[in-house]
Structure formats: C-alpha cells, structure tokens
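Number of protein chains: 2
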Amino acid sequence: MDQSATATTTYHHGGLRQALIDAGLAILNEENVLALSLRKVAKRADVSHTAPYRHFKDKSDLLAAIAEEGFRALSAEMKIAFALFPEDPRNVLLELGRRYVGFGVQHPAQLSLMFSDLLRQGVSDSLGESAFATLELVIQAITAGQRANLLKAGDPQDLARTYWALAHGLAMLSKEGLLATEDNEVDQDKITSQLENLLAGMAQ
Amino acid sequence: MDQSATATTTYHHGGLRQALIDAGLAILNEENVLALSLRKVAKRADVSHTAPYRHFKDKSDLLAAIAEEGFRALSAEMKIAFALFPEDPRNVLLELGRRYVGFGVQHPAQLSLMFSDLLRQGVSDSLGESAFATLELVIQAITAGQRANLLKAGDPQDLARTYWALAHGLAMLSKEGLLATEDNEVDQDKITSQLENLLAGMAQ
DNA sequence: ACCTGAACACCGTTCAAGT
DNA sequence: ACCTGAACACCGTTCAAGT
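Residue numbers (the numbering used here), protein chains in the order written: chain B, 1 to 204; chain Z, 1 to 204.
It is worth saying that the hints were derived from the structure and are not from the lab. Among the hints, erroneous ones may be present.
Once the Cα atoms are required to be at most 25 Å apart in a straight line, the calculated PhoX-like pairs of lysine-lysine come out as [unchecked claim]:
1) B:Lys-40 / Z:Lys-59
2) Z:Lys-190 / B:Lys-152
3) B:Lys-40 / Z:Lys-190
Throw the hints in and build the complete structure from the sequences for me.
In structure tokens form, the structure reads like this:
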C-alpha cells in the first residue's frame with residue numbers, strides 16, 4: 001500500500017472526512033480510546049495535524065462522528081436479522097439481540113464510545129439522529145411481533161426500548177467479560193435464552 | 001478554603017491515594033472524561049504532578065481505581081434496596097433496577113468509565129473483583145426471588161446476569177437520553193414496568 | 001517512604017500563510 | 001476551498017534528587 005507516484009496526486013479526492021473517521025476507527029479497534037489522538041488520526045490519513053479541523057470542530061466532534069459510524073454499523077447488523085428471517089418476527093428479535101452482542105464483542109472500544117457521554121453532551125445533532133434510527137429498527141421488529149400476536153399490545157416504543165436495553169446490557173456485559181462463566185467465549189444459546197426470558201414476559 | 005498556617009503540615013496523612021481518586025471523581029462529574037488528566041488530578045489534590053505515580057502505575061491504573069469506586073458506590077445503592085424491602089424479593093429487584101438507573105443518571109461519566117474497556121483490558125485485578133461483587137448482590141436478590149417462588153428455578157447466575165443486563169441497559173439508555181420520550185425526566189413508573197416485563201418472563 | 005522539579009515526546013487548538 | 005508549519009499551553013511518563 002501507499003505506493004506513491006500514481007497518476008493523480010489530488011489529496012483524498014474529497015474523501016478526507018471519511019478517511020479520518022476510518023483512521024480513528026482503526027486506532028480504536030487496534031488500541032483503545034486513550035490512544036486515539038487527533039494528531040495520530042491525521043498522521044494515519046497522511047495529512048497535517050491541523051487538516052482535521054477543516055472537517056471537525058474539535059476532537060469531540062470527530063469522536064461523535066466515529067460513534068455515529070458505529071450506530072450505522074449496528075443498524076446494518078440489525079437489518080441482516082430482518083433479511084434472514086422474513087415473516088418470522090420472533091427470530092428477527094432474537095437475531096437482532098445476538099448481532100448486537102456480536103457487534104459489542106467485535107468492537108468493544110467502539111461500543112463504549114457510542115455510549116460514552118457524547119449523546120448526553122449533545123456534541124452533534126446527527127449522532128442523536130443515528131441513535132434514534134437504530135431504535136427505529138427495534139421498534140419495527142417489535143411492531144411486527146405485535147402484529148403476529150407474539151407480543152402484547154401497547155406502545156411499541158416502550159417495548160422496543162426495553163428490548164434494546166436488554167440487548168445493550170448483554171452486549172456491554174459480554175464485551176467486558178462479565179457474562180462468560182468458565183470459558184471466555186460468548187455462548188450464543190445462552191444469549192438467546194436470556195432474550196427469550198424478556199420475550200416471554202412481553203407476551204403477556 | 002485552603003487557608004495555610006494550620007498546625008500540622010503533614011501531607012495527606014497517608015490518604016493521598018483516596019484523595020486522588022476523589023479528585024478524579026469530582027472532575028469526572030463536573031466535566032467529562034476528556035478533561036480528566038493526571039496532572040489536573042494532582043493539582044486538585046495539591047501535590048506535584050508526579051506524586052500520583054507513588055500510588056498508580058499510570059493513568060489507566062488511576063482510571064481503573066475510579067471505576068472501582070463506582071462499582072462500590074453502585075453496590076452501596078443496591079444494598080439500600082435490600083434494606084428497604086426485607087422479606088420482599090420482588091420489590092428488592094425492582095428497587096435495585098431503579099437505583100441502578102438513578103446511579104447512571106446522576107453519574108453518567110462515571111458509569112461510562114466503569115464499562116469503558118478497562119475490565120476487558122485487565123488493567124487491574126481488583127476492578128474485576130469489585131464488578132463481580134456487584135453481580136453477587138444481584139445473584140442474592142435473584143436467589144431470594146426463587147426461594148419465594150417469584151422466579152423459576154435454574155441457575156441463579158444466569159437469571160442474575162440477565163436481570164443485571166436489563167438494569168444496566170436501562171441505566172445507559174436513560175443517562176444518554178434515549179429512554180425519555182417527551183419530557184427529559186426519567187419516568188420511574190416506566191422503568192418499573194420495563195423491569196416487570198422481565199420478571200414476568202422469568203417467572204415461567 | 002513520599003514528594004519534588006527538570007526534561008522529553010506528545011497532545012489539542014489557534015493563527016498567519018500558502019496553493 | 002483545502003492544506004501547511006510555527007507557536008502555545010497542556011499532557012503522560014521518566015529520572016535524578018531532596019527530606
């Protein structure tokens with residue numbers, strides 16, 4: 001990679017913003033959030049250390065963009081659950097939870113960042129929007145479950161937030177090694193049965 | 001404050017370690033994790049910026065100690081639930097969850113730190129121990145629930161982890177403002193009914 | 001033992017300047 | 001528009017030294 005002397009020397013063909021987010025993501029997944037500095041991100045994207053300020057107000061703004069990318073990736077995972085089990089809302093919900101946990105275990109530092117405090121601080125509007133877009137997918141799955149008489153009637157938003165909370169909690173505890181008992185592997189069947197406990201309670 | 005010329009000029013009477021943790025906690029609750037630097041912590045505790053190295057290996061080690069203090073505080077909150085409802089495991093469990101959420105809303109940055117990635121990185125052994133001590137309290141509450149025939153039989157550890165996950169998820173979503181619908185207040189009754197969904201499913 | 005100041009490489013952010 | 005280097009205050013960490 002990085003072989004020079006190619007045809008166009010145009011920097012980043014307008015894609016610097018995304019390149020910086022990708023660089024930050026890479027550092028986050030390879031190291032940890034303490035190692036994620038603006039200057040290191042810039043160096044990794046092969047620009048000067050002030051170039052990021054053309055695209056991000058400050059470091060928090062870049063972190064928010066990285067977190068937002070995380071919500072997008074999580075949403076993409078969730079959409080696979082819908083595709084895998086069309087017409088089967090129960091398995092959509094279970095697969096959704098399993099994929100949430102899988103996302104957390106594969107990208108622990110990123111999941112931490114997504115819920116680190118950036119949303120609460122209101123660092124960026126679009127971060128909140130992407131989080132709510134993820135919630136929207138859970139609401140869809142819950143609504144389908146209600147339509148199939150799998151879940152009780154009532155505000156789907158409430159049930160969706162409850163289900164999201166459990167999936168989120170399982171993901172956080174899993175990625176921190178607080179769910180595993182003996183082996184350090186995530187037990188998919190156990191996750192499934194944990195999710196089923198809540199679905200059973202939501203049926204009544 | 002800080003009036004000099006008191007009797008003993010003895011530094012910190014051996015309590016520097018705790019003073020540093022407290023200073024870090026204060027910065028965390030007043031500002032955010034990006035503002036939490038070792039040097040600022042030292043200045044706040046009125047020592048030189050290298051003094052913390054007598055008590056902590058590096059910055060991560062101090063952060064782990066702060067997170068550990070968080071688990072201790074969370075455990076203390078949970079113990080109040082036991083005291084409030086002796087002989088009433090159902091309300092102990094509900095109060096436990098509500099207090100978890102309350103802790104998160106009051107100390108958002110601290111809760112983030114507790115699950116930031118320090119446990120997974122194995123920064124400190126005692127951090128893991130304090131996390132498991134918190135889990136132990138949930139297991140106690142679950143076991144009491146089983147004894148009272150409120151919850152189904154089975155490994156109390158599994159049920160406890162499931163319940164912890166939901167409480168944790170509700171706390172995280174609440175503190176980030178993802179649970180509130182219109183007003184920005186945490187709706188205690190809604191939290192209770194969300195927890196009840198899981199308890200219902202765990203009864204069968 | 002516990003604390004200190006000097007030193008170093010690194011960091012976030014601003015600014016004047018270059019194309 | 002987009003990128004740059006110089007500058008500044010701040011940061012984590014190490015080290016030799018003081019009591």
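A quick look at each hint next to the structure:
| no. | hint | verdict |
| --- | --- | --- |
| 1 | B:Lys-40 / Z:Lys-59 | 19 Å, holds |
| 2 | Z:Lys-190 / B:Lys-152 | 16 Å, holds |
| 3 | B:Lys-40 / Z:Lys-190 | 44 Å, violated |
When the structure is compared with the earlier hints, a violation turns up for hint 3 alone.
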